[in-house]
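Line order of the protein sequences matches chains A and B.
Residue numbers for the first sequence follow my numbering, so the first one is 1 and each next one is one higher.
Residue numbers for the second sequence follow my numbering, so the first one is 1 and each next one is one higher.
There could be a bad hint or two in this list.
[To be verified] The calculated DSS-like cross-link candidates involving lysine-lysine, where the alpha carbons are at most 27 Å apart (straight line), are:
| # | chain 1 | residue 1 | chain 2 | residue 2 |
| --- | --- | --- | --- | --- |
| 1 | B | Lys285 | B | Lys199 |
| 2 | B | Lys13 | A | Lys4 |
| 3 | B | Lys173 | B | Lys207 |
| 4 | A | Lys310 | A | Lys18 |
| 5 | B | Lys173 | A | Lys34 |
| 6 | B | Lys173 | B | Lys117 |
[To be verified] Going by beta-carbon spacing under 10 Å, a handful of chain A positions derived as facing chain B:
| # | residue |
| --- | --- |
| 7 | Pro75 |
| 8 | Tyr226 |
| 9 | Gly261 |
[What the hints assert, rightly or not] The following label-pair restraints were derived from C-beta to C-beta distances:
| # | chain 1 | residue 1 | chain 2 | residue 2 | range |
| --- | --- | --- | --- | --- | --- |
| 10 | A | Thr317 | B | Gln216 | 54 to 60 Å |
| 11 | B | Pro334 | A | Ile190 | 58 to 64 Å |
| 12 | A | Glu174 | B | Gln216 | 38 to 44 Å |
Read the hints as simulated data drawn from the structure, not as lab findings.
Yeah, the Cβ is synthetic: ideal placement off N, Cα and C, and Gly gets one too.
Residue-level listing of the chains:
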Amino acid sequence: MKQKITIDDVARAAGVSKQTVSRAINNKGEISPKTRTRILTLIEEMGYRPNRMAQAMNTSVSHMIGLVVPDITNPFFPEIVRAVQDAAMANGYSTLICNTDEAPELEVLNELVTHGIDGLITFTHRANDQDVSEFADRFGPMLIINREVEHPNITSLMVDNVDGACKAVEHLVELGHTTIGMLTTELESISNTRRVQGFRKGLKAAGIPIDADLIVQADPTLAGGYAATMDLLRQRPDMTGLFTYNDLMAVGAMRACRDLGRDIPTEISVIGFDDIQIASMVTPALSSIRVDKYEMGRLAFERMLQLIQKQTSDTATIKMEAELIARESTGPVPIQVAQSTVS
Amino acid sequence: MEEIKKERVVTQKDVAKLAGVSPSVVSYVINNGPRPVSEDARERVLSAIDELAYRPNRFAQQLMRNKWQSQDRNQFAVVLGGGPDNLERPFYSSVLAGIFEEARSQDRRVLSIQFLKDLADPLLFNTLVESRDIFGIMLLALEPLQLNCEEIEVLDRIVERFDNVITAERSWKNLPAVTVDLKEAGYIATQHLCSLGHKNIAYIGTKDARLDGYCQAIQECSIGEENGAKFINPDNLNTYAFGHQSAEQICNDFPQVTAVFAASDEVAIGALRCLQSHDRPVPEKIALVSIDDVIQSAYMSPALTTVHIPTHELGRRAVNLLVKRSQRNLANMPDCFIPMELIVRESCGAQA
């Protein structure tokens with residue numbers, strides 16, 4: 001087995017003290033840029049990996065944070081990844097990006113920790129509160145997006161999904177719609193629960209009775225949105241407005257409307273949630289509820305950094321608003337429907 | 001103390017004993033919490049750890065019996081060219097989905113997804129490119145024209161440091177690869193437009209093998225070069241924005257263009273958006289064919305005619321190649337080209 005390279009080896013090779021090597025790694029304290037570059041080059045050449053144990057004892061040593069997303073292939077996440085990376089890089093941090101996919105979330109987190117990270121930004125949504133708390137006991141500062149767990153090491157960042165969904169309904173109601181459907185998704189998803197809640201709240205506020213037949217569950221995908229809309233519109237041709245759990249479903253729904261000969265927005269209005277890239281590229285362009293994903297990643301890193309550097313112990317939940325982006329896919333309720341409602 | 005070092009693995013207990021503290025204090029020091037530890041106790045623990053050469057990682061691994069160890073070698077890393085916006089692209093997300101699916105079915109795991117340019121950071125590089133933790137590295141999305149010197153240097157270092165490295169989608173030097181024949185894809189798409197009788201076909205995309213395929217098809221159909229406007233992205237990106245912006249130019253300055261070959265579905269979707277809003281409806285006034293068949297393309301209105309690249313399959317095969325190489329002493333496998341086919345939908349007008 002190869003001899004393990006230590007900080008002493010690097011120091012010796014560079015002809016400097018251990019402390020200087022450490023300063024170069026952490027980019028802290030007095031060190032000339034020239035020396036730092038020379039040491040970093042040596043670190044690279046020699047294949048030195050800072051001792052994780054030492055890192056664990058001294059926060060903010062590895063200058064690495066972990067970012068764990070549940071599904072990197074969902075277009076919602078990449079922008080957050082980008083924001084976290086941009087912010088991290090600007091602050092001299094690098095990001096270890098992991099995707100839990102269907103692997104047990106805590107297993108992935110435990111694994112990640114062995115790589116000596118200073119902080120963790122994650123979306124854990126399947127692991128239960130107790131397990132997450134126990135992990136946070138052992139680990140340290142972590143920031144969880146879209147989930148609240150009571151723990152001194154955990155900060156939450158929550159998008160106001162209830163309010164966002166409410167805004168979508170308000171928008172449709174303002175356009176005169178009263179028969180409004182919703183495509184929902186997996187029951188265990190917190191964002192789904194909140195969005196359904198917001199949908200109901202919006203209808204209630206407008207004095208529109210909730211019609212359970214108009215709330216349909218489907219996969220949060222293009223295909224899921226397409227199939228569910230085909231079924232829903234066949235059963236309920238009277239529906240004039242449709243709100244979907246996410247934009248992918250909305251794009252699928254739009255294609256279904258077209259295949260059933262229902263013009264958007266003159267005959268039916270569709271509004272999604274998330275405002276992913278493709279929303280503005282489809283014709284008609286999709287109205288959506290925008291979550292500023294870049295800002296989300298930026299805020300997450302900003303707070304993480306403060307926590308790592310102990311500039312704050314504030315673990316109060318960070319709240320983010322969602323905003324309505326009205327484009328072409330939503331329009332006034334068809335005249336004949338409007339008239340029949342009046343009469 | 002010498003005895004402990006030689007005969008068995010040093011545990012937290014040994015450290016605690018030497019430092020004269022309880023094992024949980026050792027744990028607090030190592031994990032930096034959750035409880036505070038006095039400076040004095042901390043110092044003692046640190047020097048005991050030093051003296052005994054105690055390594056918490058190993059310890060944790062052994063505690064989990066061999067589970068962690070075997071798990072470690074069940075992991076591989078994915079390294080992507082470009083930046084995080086590549087993740088936003090439906091093509092790569094589908095390849096990644098294939099990678100994850102195959103990894104899962106083979107009981108393997110992706111340790112992390114890293115961007116090539118980030119690995120210029122030596123610490124991150126050493127953390128990730130480490131044979132104790134992973135059995136292989138898969139390179140993805142290496143667009144040769146997009147690679148800068150720094151990235152090429154990192155690539156060379158990866159290959160030098162690590163044995164089992166393969167590349168998916170694009171080839172890189174002589175690394176084992178699962179790739180897409182972009183020239184063939186470009187040829188199939190353009191040829192389809194030629195066969196529909198188009199004589200003035202524009203190209204929107206990057207300057208790569210797709211353009212070569214386009215040129216070949218045009219030549220075979222004896223369409224003069226002057227009848228093929230080429231919109232080449234200087235940034236080497238096949239994005240919605242570039243498709244939109246090029247289509248705008250076509251609408252304004254190229255009334256004679258009757259068909260567009262877009263280098264990717266994203267380019268096509270961007271172009272489609274522009275053409276529809278400029279009274280150049282697809283396919284009635286302009287036929288549109290692209291490459292990729294990303295999941296969105298079937299849901300567009302009109303649905304895209306496109307050359308289907310089995311992206312999912314690409315990811316799966318790449319995992320297979322990586323696993324096989326790790327099992328068979330890095331035996332050289334023949335490079336594999338992913339098969340593709342033209343999917344005729346609405347945007348080319350063939351169905352009208």
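Checked hints:
| no. | hint | result |
| --- | --- | --- |
| 1 | Lys285/B x Lys199/B | 13 Å, holds |
| 2 | Lys13/B x Lys4/A | 24 Å, holds |
| 3 | Lys173/B x Lys207/B | 19 Å, holds |
| 4 | Lys310/A x Lys18/A | 25 Å, holds |
| 5 | Lys173/B x Lys34/A | 33 Å, violated |
| 6 | Lys173/B x Lys117/B | 18 Å, holds |
| 7 | Pro75 | 6 Å, holds |
| 8 | Tyr226 | 7 Å, holds |
| 9 | Gly261 | 12 Å, violated |
| 10 | Thr317/A x Gln216/B: 54 to 60 Å | 59 Å, holds |
| 11 | Pro334/B x Ile190/A: 58 to 64 Å | 48 Å, violated |
| 12 | Glu174/A x Gln216/B: 38 to 44 Å | 55 Å, violated |
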